[in-house]
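Model the placement of chains B and C on the given structure of chain A, informed by the hints.
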Amino acid sequence: MSLNEVQTAEIVKRQIGYKWRAYTGVFTSLVIIQLLGVLFSLNGTGSMNSGRTGYDISISYFTADIVIGFTIFWGFITAFLLTTKAYREDDFAFITNRKSSTFSTIIYLFLLCSIASITALLSSFLLKVVAFIFLPGEEKLLLSGAESPGVWFSGMLATLLLVFMFSSMGYLAGMIIQWNKMFVILLPILLFGSMFLFSKGDYPIQVQFFKFIFEESSFLIFTLKTIAFSAIFYSLATLISNHLEVRQ
Amino acid sequence: MKAIKCEALTKTYYRKKALNDLTFSVEENKIVGLVGRNGAGKTTLMKILSGFSKAKTGVVEVYGRRPFNNLFVSANTIYIDDQMNFPTTLMLNEILEEGRRFYHNWDHDLALRLFEYFGFHRKQHHNELSKGKESTFNMIVGLASRSPLTIFDEPTTGMDAAVRKDFYRALLKDYLAHPRTILLSTHHLEEMEDVLEEVVLLHEGSLHLHMSMDDLKEYSVGLSGKISEMEPFLQGRDVLYKQNRAVDDCYAVIRNDLTGGEYRQMQQAGIITSPVSASDLCVYMTSETSGKGSVDDVFERSADR
Amino acid sequence: MILDTDGMKPIYVQIAEWLESEILHGNFKADEKVYSQYKLSDLYNINPATAAKGLTKLAEEGILYDKRGIGKFVSPHAKQMIMDKRKNQTLKTLIEDLVREAGYLELSEEDVIRLVREAWKGEKG
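These protein sequences, in sequence, are chains A, B and C.
Each residue of the first sequence is one higher than the last, beginning at 1 in UniProt numbering.
Each residue of the second sequence is one higher than the last, beginning at 1 in UniProt numbering.
Each residue of the third sequence is one higher than the last, beginning at 1 in UniProt numbering.
I should point out that these hints are in silico values taken from the structure, not numbers from a laboratory.
All values reported here derive from a predicted model rather than from experimental measurement.
Note that beta-carbon positions come from the ideal geometry of N, C-alpha and C, so glycine has one too.
One or more hints might be untrue.
Distance ranges between label pairs, derived from CB positions [to be verified]:
(1) B:Y117 x A:S154: 54 to 64 angstroms
(2) A:W20 x B:F299: 56 to 66 angstroms
(3) B:E191 x C:A102: 15 to 25 angstroms
(4) C:L105 x B:G236: 32 to 42 angstroms
Reference excerpt, derived from the structure (chain B facing chain A, CB under 7 angstroms, subset only) [claimed, not checked]:
(5) N76
(6) R101
(7) H104
(8) V283
(9) Y284
Derived pair list, reagent style DSS-like, types lysine-lysine, alpha-carbon separation capped at 25 angstroms [claimed, not checked]:
(10) B:K165 x C:K9
(11) B:K56 x A:K99
(12) C:K67 x C:K53
(13) C:K39 x B:K165
Same shape as in the complex, but just chain A (with noise of 0.2 angstroms):
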């Protein structure tokens, strides 16, 4: 029998593929998980009354924000879950290394991502018809704010970075768990613990993490910094794959 040479950029692809096929539960928690933050919106993230003689004006304003917030979590807990054991045994079925297991997995959280940032953003659309149906008013009058196509294009980039950003962390936390299983524990405190250890002034480390990260004005320093920590975050993740034994 004649031994086939491979290239990891043929296994990553077809790994991918194999992925996309077969963990089609992620769509389902995305479908679910949006649609809860859709309805948790429906309150409104911001209004301002005003009453005059004769009419009340109630603005409201419904944004995807919750949505987004919502799709950050699911992002996280998707790349945590991905790194379990059934998963990992799942790459192992068929031809792979941990660094092409790594990879695929790496580019189809992008994948996910960018469809699960379309979808929030999309989502915005459904929130503002269902509000505009079935929320009580009178004269109710639909604005859909100043989105240009180049507003909208940024705010999904936007949003894709930062859930792409949060997978990494999930990603790196689940493999450092499956690395050594204390750290179900060990992981917790440490992160909890640097919060008060490594507070300066009035603000606590991560407030300080999160200010970094989105209170950034510049959209393309924005995106250098939060793909420089994604890059951060899954190199090390992948440097702790290396070392782990499938199928013990």
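Just chains B and C, lined up with the frame of chain A:
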């Protein structure tokens, strides 16, 4: 090039040695049986060869490369056991499709024909199969992959006798058409001894014996007769196993290096010689060092109380 | 032929003997190609290495000869060689067994010869 090469291979789990200084090698394109008692280290060895787990010390090579975390070895090896994990969302025919996408030598036609023959339905899911059906399906994946190194770890778990027979036949036929290295562990050695070319016997993580099946079958001979008649013949010989039977009868297995003259002497002394099957021999050879005696002793001790 | 897998006789010897019988019965003629190890393996559900061992045994005895890359062929005098071999070896051991068994049963030489004659008549006449 050798298909498998192990040198002083050691693997420990929680300080217990699963493999202990194991050295052996397997030439390409042979069907080799890996036998030994439960816990002898068969599965550990197979998982190291497939690149799933890592040896602690020693050298292990599959087609000249170290298997752990190696894409080349993964592409040219398949490991089939009864705990195969396929995504629960995929239907059986989708799993076969994935196999086709991954393995370069995959024979989809063969996979589908075996699939039909063993009565599977395309829409079934892997986790809904019975034990025997699951093993049968995994076996199909293993055969269809045509991997240069195909590893079967207890492939017949749960299969009924008819399916096992079909499996041995399918294995041999496909091997004849497409020779490749097949390493196979089994507790049914007697059923498939004719199909195997070589046998590797592991005992407590070490290599106990590695020889061709033809040689193994002639390796020993069983003697039975009266203890008083047997004793002189057993003197100074390599006695592999000895058991006292009713009253003054005794059964012993010795190395088969008797001369024609000795045979005649034995026959005259009323000692009956009989062949020892390969599977019985493997059991005999790995039982004597345990020091715990036979299961009979367990009952004798409890009866004394 | 059905293989006796539990017997004292190794499989490859049984394969060799089966081929010999086929040659004796004229199913393989002089200078004809015999079954390959793969064909034998498929036929008897045995490992091809075992089948090859049977073929090699016959080649070493000169009953078969090798044409490199084509296969094994029946020697011109194969039939005679097999008959001589069987006369010398098989028959001899059979007769030895017979004599030994007769000894246990306390039969005389004449008794045994008489039995042989009777059996001969039954077979041929």
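To see whether the hints hold, each was checked on the structure:
1. Between B:Y117 and A:S154 the beta carbon distance is about 58 angstroms. The supplied range of 54 to 64 angstroms therefore holds.
2. At roughly 59 angstroms, the beta carbons of A:W20 and B:F299 sit within the given window of 56 to 66 angstroms.
3. For the pair B:E191 and C:A102, the supplied restraint of 15 to 25 angstroms is violated, since their beta-carbon distance comes to about 40 angstroms.
4. At about 34 angstroms, the beta-carbon gap between C:L105 and B:G236 stays in the expected band of 32 to 42 angstroms.
5. Because the smallest distance between the Cβ of B:N76 and any Cβ of chain A comes to about 5 angstroms, under 7 angstroms, the interface hint for this residue holds.
6. Interface restraint check for B:R101: the shortest CB-CB distance to chain A comes to about 5 angstroms, inside 7 angstroms, so the restraint holds.
7. At a threshold of 7 angstroms, the smallest CB-CB gap from B:H104 to chain A is about 4 angstroms, leaving the interface hint in force.
8. The restraint placing B:V283 at the interface with chain A is violated, with a minimum CB-CB distance near 28 angstroms, outside the 7 angstroms limit.
9. With a least beta-carbon distance of about 31 angstroms to chain A, the hint placing B:Y284 at the interface is violated under the 7 angstroms criterion.
10. For a cut-off of 25 angstroms, the pair hint linking B:K165 to C:K9 stands: about 23 angstroms separates their Cα positions.
11. Distance check on the hinted pair: B:K56 and A:K99 sit about 21 angstroms apart at the alpha-carbon level, within 25 angstroms; holds.
12. For the suggested pair C:K67 and C:K53, the alpha carbons sit about 17 angstroms apart, so the restraint of at most 25 angstroms is met.
13. Distance check on the hinted pair: C:K39 and B:K165 sit about 19 angstroms apart at the alpha-carbon level, within 25 angstroms; holds.
Violated hints, listed in ascending order, are 3, 8 and 9; each of the other numbered hints is respected by the structure.
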